[in-house]
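Chains as they are written, first to last, in the numbering used here: chain A, 2 to 658; chain B, 2 to 658.
Please note: incorrect hints may appear among the correct ones.
Identical chains share a label here; the pair holds if one copy fits it or two copies do between them.
[What the hints assert, rightly or not] The list that follows gives simulated cross-link-like pairs (lysine-lysine, DSSO-like), each with its CA atoms no further than 30 Å apart:
no.: 1; residue 1: K595; residue 2: K36
no.: 2; residue 1: K506; residue 2: K643
no.: 3; residue 1: K595; residue 2: K643
no.: 4; residue 1: K390; residue 2: K232
no.: 5; residue 1: K298; residue 2: K232
no.: 6; residue 1: K232; residue 2: K595
no.: 7; residue 1: K307; residue 2: K390
no.: 8; residue 1: K595; residue 2: K506
no.: 9; residue 1: K643; residue 2: K657
no.: 10; residue 1: K36; residue 2: K25
no.: 11; residue 1: K390; residue 2: K298
If you're looking for bench data, these hints aren't it; they were derived computationally from the structure.
2 protein chains.
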Amino acid sequence: MRLAQALFAPRAVALIGASGDPQKNTARPQRYLRKHGYAGRIVPINATRDEVLGERAYRRLADAPGEIDHAFIMVEDVEAALEDCARKGVAVASIYSNGFADAGAAGTARQARLLERSRELGVRLLGPNSMGVIDLPGRVALTVNAVLEADALPAGSTSLISQSGTMLGTLLSRGAARGLGYAKLVSVGNEADLGVGELVELLVADADTKVIALFLETVRDAARLALAARKAHAAAKPIVAYKLGRSTLGVELARSHTGALAGADVALDAFFRDCGIVRVDMLESLIEIAPLLAGRKPMVLSRTPKVAVVTTTGGGAAAVVDRFGLHGIELASMHDLTMAGNAQGYRATLEQLLASADCDAVLAAVGSSAQFHPEFAVEPIVTAQRTDKPLVAFLTPHAERSLALLAERGVPAFRTPEACADSLAALFAWRAPRQFGDAHLPNERTISLISQTRVPDLIRAASPNWFAVLEALGIPVAQHAIVHAPEYAHRVPYPVALKRLIAHKTEQGGVVLDIQDARALAEHAQRLGDERLLVQCMERGLAETIIGYRDDPVVGPLVLVGAGGTLAEIYEDLAVAVAPVSEAEALTMIERVKGLAMVRGYRNLPRGDIQALARAVAALSRLALIPGRPVREAEANPVIVKREGVVAVDALIALKE
Amino acid sequence: MRLAQALFAPRAVALIGASGDPQKNTARPQRYLRKHGYAGRIVPINATRDEVLGERAYRRLADAPGEIDHAFIMVEDVEAALEDCARKGVAVASIYSNGFADAGAAGTARQARLLERSRELGVRLLGPNSMGVIDLPGRVALTVNAVLEADALPAGSTSLISQSGTMLGTLLSRGAARGLGYAKLVSVGNEADLGVGELVELLVADADTKVIALFLETVRDAARLALAARKAHAAAKPIVAYKLGRSTLGVELARSHTGALAGADVALDAFFRDCGIVRVDMLESLIEIAPLLAGRKPMVLSRTPKVAVVTTTGGGAAAVVDRFGLHGIELASMHDLTMAGNAQGYRATLEQLLASADCDAVLAAVGSSAQFHPEFAVEPIVTAQRTDKPLVAFLTPHAERSLALLAERGVPAFRTPEACADSLAALFAWRAPRQFGDAHLPNERTISLISQTRVPDLIRAASPNWFAVLEALGIPVAQHAIVHAPEYAHRVPYPVALKRLIAHKTEQGGVVLDIQDARALAEHAQRLGDERLLVQCMERGLAETIIGYRDDPVVGPLVLVGAGGTLAEIYEDLAVAVAPVSEAEALTMIERVKGLAMVRGYRNLPRGDIQALARAVAALSRLALIPGRPVREAEANPVIVKREGVVAVDALIALKE
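Excised from the complex, chain A in its bound form:
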């Protein structure tokens, strides 16, 4: 594959803007390539010097001899450098220079022009604003990241794609300190051309890579990444992501409509789950989880996950088990053993648990011996007969040598109770990617309606009736009628609700509930004063819920279900999934909403018709199937859950501009 070779294993690299001052960042790629034993040709390009750091340099790329696979651009005039690259037949240009999408609207426009030109020229771009590429097994250190000052960095089978250049150094240095190495590391910068999704595809095809780690600030190419994730799954290469921007959720939730509810982090969370991407919460989990994922497929547990613990230290094990509890992981059994003179017994206990049906993972907790007698401390752990069941270690003291010995033998080991619990929780929550088309749609009639005429027609009507759209999708709505002054005649049975036909009607006093007869209705209607009003049958049930749909600008169509009233907002109590979903998938979403416990058979409270709610969620999610996806947002709120059936009491649909 020409791209992969040029990017990761170039036979010759040009360093455009290579500095002769070893203190400068722009001198680093040359120093690092040499220091770490790059076997190809290095071609420094410097506008004013014929020699850089003791090597022959060229004023212009055109002057350099031979073919160049990969250029690292570190000059301000990126555009001119790109033209030079094209003329020289360079396949990939990594751009360290910034001043593009990282620099406001003008920079964004400059980046768009650069991308367009690169496509015309047939040169692929990494960056701009990229710290470069590292391939440790291949000894390619084409980067400005100072972590390469280290004399040696361990090679491993995890590869990293990072939207933060700094994180290459963070993961490499922290990993190296405890024996966890890397294969390839890529700083993607602004992702003008090569994005996370395409890079994942390259790593799926990379023989050195077993686990793909992502450090993300956002997702810029969801569709490509979604596809790449399926390829990774097929190739049995787990992807794990650490993503910033979790805490914006609170801010987003301060707004009221579905769009905000499904926005930001929860949208990406749903997207990762849909793609089978493992998501970790803590930064060091991104490093430490790799050996746990390597060669593993998602586990399918039919119960609350249980971990058995073998320990030589009560306090240390308790710290992890306590943390497990916070993640909903149960303790299967606790075995407090003495290691001294009992390595056989310790290993036998591990092996027995690894073979047992009573637990889903085994944790070996080790105390002081891990610090002073590493070989002795980890011996029974690394020599235990492994099964498919995860075996992980937690060491209570500062014990880097023991961590490294465990890493060498592929035993996942954790520095902190928190990262240990985070990683196991992420493993247990991991599911295979949903294959496109997985959302089996039982109601064929509904599908054909959507893909043919009725729903699209209803949506595009001059004055659309959102209730009619819900009904056409297959969602029951409260019996209703539009009434007109001065008679306000209708056939809806009393008691009824009376509503103004405006947005935010509740806040504006435009809703009257529980009207018992026609006389009262007329009084209220006259007071409200509108010519047209909505009369609706009063509906009572066991619980209120909210169902929503949003075509998210980042990850595409989403569906959500949440606790009703203001609960979804106040408690952030909602479940989001990539749309469309099947009824079965909707049921698992409903299971994740705490507030719906009340209708799932909580205590002695009556059960609500969860199946009907799932049908409604699946039905709304099929808005994603309308050709052209005209709907931006839709919300049925509240949807009342009854003992039998559900009914939508209010609805709102917003179309794309």
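Got chain A; can you put chain B on it based on the hints?
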């Protein structure tokens, strides 16, 4: 102080059961005392040898010459050793041996006898099941903890009291790896005699100790610890606790009554807050927070805490800031600087922020330079002109030398974004201990009623009326009457609710709501069939809440307020405090209940009478003031919050046996 000297700085120690086999745990104290330069006399006692590890040993303690301050008992016959200690005039015996409260009912009885005897004999006990005592500045390593195999451990000004012996090694080794030292460390074991509270008092008086760290599994002496915490505060020595058992909350919450709601971890959380004890969530925070607390008093912020960030690495700073958001900490400002050649500018920015009113703490995030140029990287941070405002550092790479340099200069530095955010959140949440008697009780009449006759009399009545108790406390209750068959006469205005006078009446179908007239009442009453029934005015309001009181067996009287219905349970949405509380304190509790946002002025929803709710919470909390504290649990549930006033609709009080 004789006890402190004998415990931490004995002039002579006897090692009862000292082994001559250096591989054995019981040989460790002698080895460690020598290795770490203990200056006093070491007296090994061994029943069969006259020499142990090259030193003169004695068969019996009585044979040993001179005075002995402290004995470390490592033999099975602890009782005989205790008698020997008493005869020899030993002041403190630390007991490594187990088989006491750690070993079932028989062991617990054995421990009680041992304690009784030790009091008769005038020997203070540490343990049993204690790993001993370490005083690093004093070079006393009287312990079996293997961390003392280390050649040198840095002395510092943090002292640790731990209910897990292992954790002495965990904190010492992890601290040492990054330059954070300790003063004294105590493994308290079963706390038969010397408990956490008394040890805190000793550390308050200890000149080497500036910060007191607690590793807790439970609290065994809450009253003593509460007192000690006030003394620590008065002496400006912050206490920080990491406590296991957080995740039992979920289990406890599965039960329905107040007792469970206030049980377990939330009770201890309320207790720590009341005592002014800082609580951290993550294990390494217990190590890393110490320099942040040293010499500091609780901050009193009148706004959401804001942190300004100065960074040389966007990605690293973003990881911390993201985590801040999860803790409700805001970003005041972000300053992305280059350190190279700009140390002056970096320091100037730090100093400007430290002096600014726009932030409450300053974070310096440092990238790769922290790994390869430690002095250079931390120089502007450690030389910045400090103010009272916290200055903390986060280093993105593995950079132990930089961490140690920061530690040397007293700058709190964090290895992970998570511990950094956890520690700052704990700092911002820290409050001075509530001084006993702080709960100003505005209603003098209520106090006098409680302390004199009426409430106690009502509670102790033959068939107590819990509504009457609430009313006497000053909590409004729904208008009600007891009705009798066959007339069911009453003067409560319709609509009314009818209730059977039994527990769990809702689950048993013993409640009928919204009865409109006497005829309907009689019909329902006849159907229920009881001779006596309760008729209650139907109350409607803006929200339901639960108010509870519990005399917790561990920490004493507590009061709670939570979201009503099942929300308190489903979302664990409640606030707990040590009782009694003042109205002002009750208001801050209400502020912590998310579900009550709806009546605090959420969106355009009408506001409820929060002040009246606070009065009710404070009133119920005064059950703690009744002499003899006869009430075990009390609950008013639901308490309906109206636009004006609150009203309790149901109540339950359980007395102690």
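Point to revise | Violations among the numbered hints | key: 1, 6 and 9
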